[in-house]
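Given chain A's structure and the hints, the job is docking chain B with the ligands onto it.
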Amino acid sequence: MYLLNFKIALRNLLRNKMASLINISGLAIGLAACLMLLLYVSYEWNFDRGFKKSGDTYQLMFNFYGADHHIRSTGNQSPNTIAAVLKEEMPEVENISRILWASKRLLANGKNSFKVNGRYADPELLKIFDFKVLHGNLAKALDAPNSIVLTAGTARKLFGSTDVLNRGLKFENQVEVKVTAVIEDLPPNTSYDFDCLNSWKLYEQLNTWVIEPNWHNYSYFTLFTLKKGTDVGLFNEKIKNLSRKHAPSSFSEAEPFAYPLVKLHLYDRFLNGKVDGGQIDRVRTFGILALSILVIACINFMNLSTARSQKRAKEVGIKKTIGASRSSLVSQFLMESLLLTLVSVVIAVVLVELSLPKFNQLVSAELHIAYGDPLNWIGVFLLILFTGIVAGSYPAFYLSGFNPVQTLKKTVGLKSSFSLNFRQVLVVVQFGFAVLLIIATLIMYDQLAYLRKKPLGYQVNALVEMPHEGNLYLKYDLLKERLLASGAITSMCQSSGSISQQNSNSTGMEWEGMSEGDKKMSVNQIYTGYDFVKTNGLKLSEGRDFKKGLGSDSVAVMLSQTAVKMMGLKKPVGQTVVFQDVKRQVVGVFEDITWGDPAKREKPMIIAYNPNNSDVITMRLNTDNDLKDNVEMIGQITKEINPDFPVDVRFLDQLVAEKIKDEATMVTLSNLFGGLAIFISCLGLFGLSAFSAEQRTKEIGVRKVLGASVQGIVGLLSFNFVKTVLVALLISMPVAYLLMNSWLNKFDYHISIGWMVFVQTGILIVVIALLTVSWQAYRAAKGNPVDALKYE
Amino acid sequence: MIELKNIEKYYANKGVKSYILRHVSTSIKQGEFVSIMGPSGAGKSTLLNILGMLEEPTYGAYEFMGEDVVSLNERKRIELYRNHIGFVFQAYHLIDEMTVAENIEAPLLYKKVSSAERKSRVADVLDRFNMVAKKDLFPNQLSGGQQQLVGIARALVAQPSIILADEPTGNLQSPQALQIMELFKKLNEEENITIIQVTHSEVNAAYGSRILHLLDGVIKEDLSLQQVI
Ligand SMILES: Nc1ncnc2c1ncn2[C@@H]1O[C@H](COP(=O)(O)OP(=O)(O)OP(=O)(O)O)[C@@H](O)[C@H]1O
Ligand SMILES: [Mg+2]
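Protein chains in written order, with the working numbering: chain A, 1 to 792; chain B, 793 to 1021.
If you're looking for bench data, these hints aren't it; they were derived computationally from the structure. Hints should not be assumed to be uniformly reliable.
[To be verified] Calculated cross-link-like contacts (lysine-lysine; reagent style DSS-like; alpha-carbon spacing at most 25 Å):
id, chain 1, residue 1, chain 2, residue 2
1, B, 903, A, 7
2, A, 7, B, 911
3, A, 227, A, 263
4, A, 7, B, 927
5, A, 7, B, 904
6, A, 659, A, 534
7, A, 311, B, 927
8, B, 806, A, 7
[Claimed, not checked] Some chain B residues close to chain A (C-beta under 7 Å, calculated; not the full set):
id, residue
9, 841
10, 847
11, 874
12, 885
[Said to hold, decoys possible] Reference excerpt, derived from the structure (chain A facing chain B, CB under 8 Å, subset only):
id, residue
13, 8
14, 12
15, 274
16, 313
17, 322
18, 327
19, 328
20, 405
Don't be surprised by glycine CBs; every beta carbon is placed ideally from N, CA and C.
Bound conformation, chain A alone:
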């Protein structure tokens, strides 16, 4: 029986080519979206879960209190002192380690040198994470200061092999280090990933300020495991006052707490000390989008199968009279939808494979289909089952419920008004969703354009930066002289961090007329030498930049307009402020620059003179020359002066664009899914209109014989569908408005929603729907009435 049902299902598929094509292409797209979602979710969910102790591993985080004793912000970096204190005072702590940001480190095996992602960490890190070791002994791998742990990939790159225990490497062109262990490459979904790992002791040797215990410099990450069975809530209660106890301070109040490693990736945004989403939002958005596409595709299936019910009804009637039970009919119809789903899944897998590279780029993940993983097969199986049943159950129960007498008697029509309405409701759902996505896309696009166009406060065009490193420290002046002389650049400056991205802030600034609480004001900070204003193209509203030859400028600062306003300075230039315990004079006030998130209100900002704290060299290219030639020239001269480091020149406009990458990704995703939603919905509409035209062939024939015009008939046939689409528009527009309004409100700077968006969407959707249905209607109307009438 199943075999026969299967055969019949296949024949039905082949016989109704158009319906099958519509169903399969729609379902394949929907399933592809869902498969992608499954891959993406499992990738994101498995972040940091690959270690044996993942469940007991925590990161130390801090809630910072503002002047009003409310949590002002939450940070994931710690001072360098707290790890030792925790280890000593809290018996619950099993292993604890400090670990640094990953940054590009120069590793050289003789002439073979590469920059790779490196981190410094305490030896206990290797007890927290059970990396899979290929060579060496992890237990002691970070004990000696000059030890280095390499991943297999890094070892191969440098030595051509992984069996490189005890081999020597030159690290950052500064010290000789020895390979103490080689581990397997880390999975891409690892938060604390690295290519090489160095001992914290080396970090301290190379950077003496790191040795100084400092409770107020929150620059390092602290990771630890708690002993099995520890109540984290109680533990957090215990460590709450640790910072207050060890480092009472008037300008900084911080409460440490343990945050599970496995939540780090997905829930990394905090508001008032509470988790406020993070990456999980994007996972959720994507999930909703993918599922909706699948549902839209399932609706096509339901609609087309119930629309064909008149044909199927006869079959149901006959089968019932020869002894079919309802359940056997239900299972037959389900079988049909499962078969269809199966075919679609195969196509979907192909689609996924084709689009994975692009998608990976889009969401910055490394997804791939693991064909060998039984879990994936189970997932796909469940997906087929789910889709087949969702798509098939309504038609199955609807069709199998027919009464044989009614279906076999020709006189009784099957057009129960409910079924028609239900189909229309489903079409409304489809188009409602499509409308929602279009409006969302348009609004997101506008907001993105708005953020892109928002003045940055500096001239980002033809601005480049490169790391300040190696010989460039000692020979900075020579570099500047030669680059200027070469004509490649018109100006150059050094700074503690990139102007493209907020990277440093502090509290504890003092000035005349401040209140006690003002000490806790958080200030963005950049240290620099000369020519910062000129190179970056900042606008000074008062005063001047730091000037060479003025000795007093070695302790000068410039303030942003927001800083001046928040500090309540009437005459800022000439005022004295105490910044980082040094008395400094304000020499200039600059218009605010967008340093952090372009959508967020800027913090007050201070630019202080201190050429000794420098990580970045920024240059303004000479626009009289070809920009590429300029960059080549910079590379040439820099390489001459600093031969051991590869040159890494980056355009700031690209770095700035990176900042709204998340939003850009959202626009791309909703654009894509919106397009798919419309496409699949229109496929369904096309199928329905074709069907209805076919069903009404006789009516059309009669009308034509009576003298109706082609336009009249097209209008008659199309009106019903367009009406449905209009209802969808009416319902989903207010929903879209509310949703997008709340989305926009997350931005401090945002556009307001104009009515044009709705008009555009409305016209677009109606035109698309009209084109879809009128094509069929036109074909039907153009047909020769004799042909139509002959059939009966």
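Chain B with the ligands only, in chain A's frame:
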């Protein structure tokens, strides 16, 4: 095997009852060949549907093989379809997506007959109806008469005790119609299968052993043909 007592059927339309069957009482024994006749709209099809349990009477008692049909549940009814009743329709009502052989095999599938036995029974019937050459064709590749033969073959394959046929030859040319009637007569005489058919044709009715004349939902005449002959 069939016992009808005071069967009534009406449709209530805006409070007005329009009767289709009134006071229909009759009994049909195993092995009879009954023709139901009457003008269009007399309620013939309705009566046949009630006999086939496709419709429920509004009122009255119906016993099929000693069982009260009115109180029969769905599962029991399906059992009766599978084992005792075969339907033949005027419009043939074959399943378009199935081949001739598959159409004939379908009732056996629902009856859960083993695969080997299905094969042999289908082969038997095909053989008997001279349709072996056509077994892999689809219904739309057959003539009307051939389709009706398949319809009857399908009704017979499950070895029912009764065949209900609503104008089985209504769409056929008379030579083909006569062929079908011969077949019915043979089945009735040789295999003792009860046959109840609705027909407009006196000629067809003459093949049977008994005629029920229906007029406006009432049995006007019930005559046994043996007595006539
Ligand atoms: N669902 C219904 N609602 C109302 N009246 C109905 C319904 N079904 C059938 N009828 C009426 O019942 C009457 C008997 O119908 P039936 O089909 O039994 O007639 P018939 O004797 O088979 O006629 P014909 O020879 O034309 O097939 C007809 O007048 C018909 O209009
Ligand atoms: Mg009739």
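* Hint by hint, which ones does the structure fall short of? -> As far as the earlier hints go, 8, 15, 16 and 18 are violated by this structure, in ascending order.
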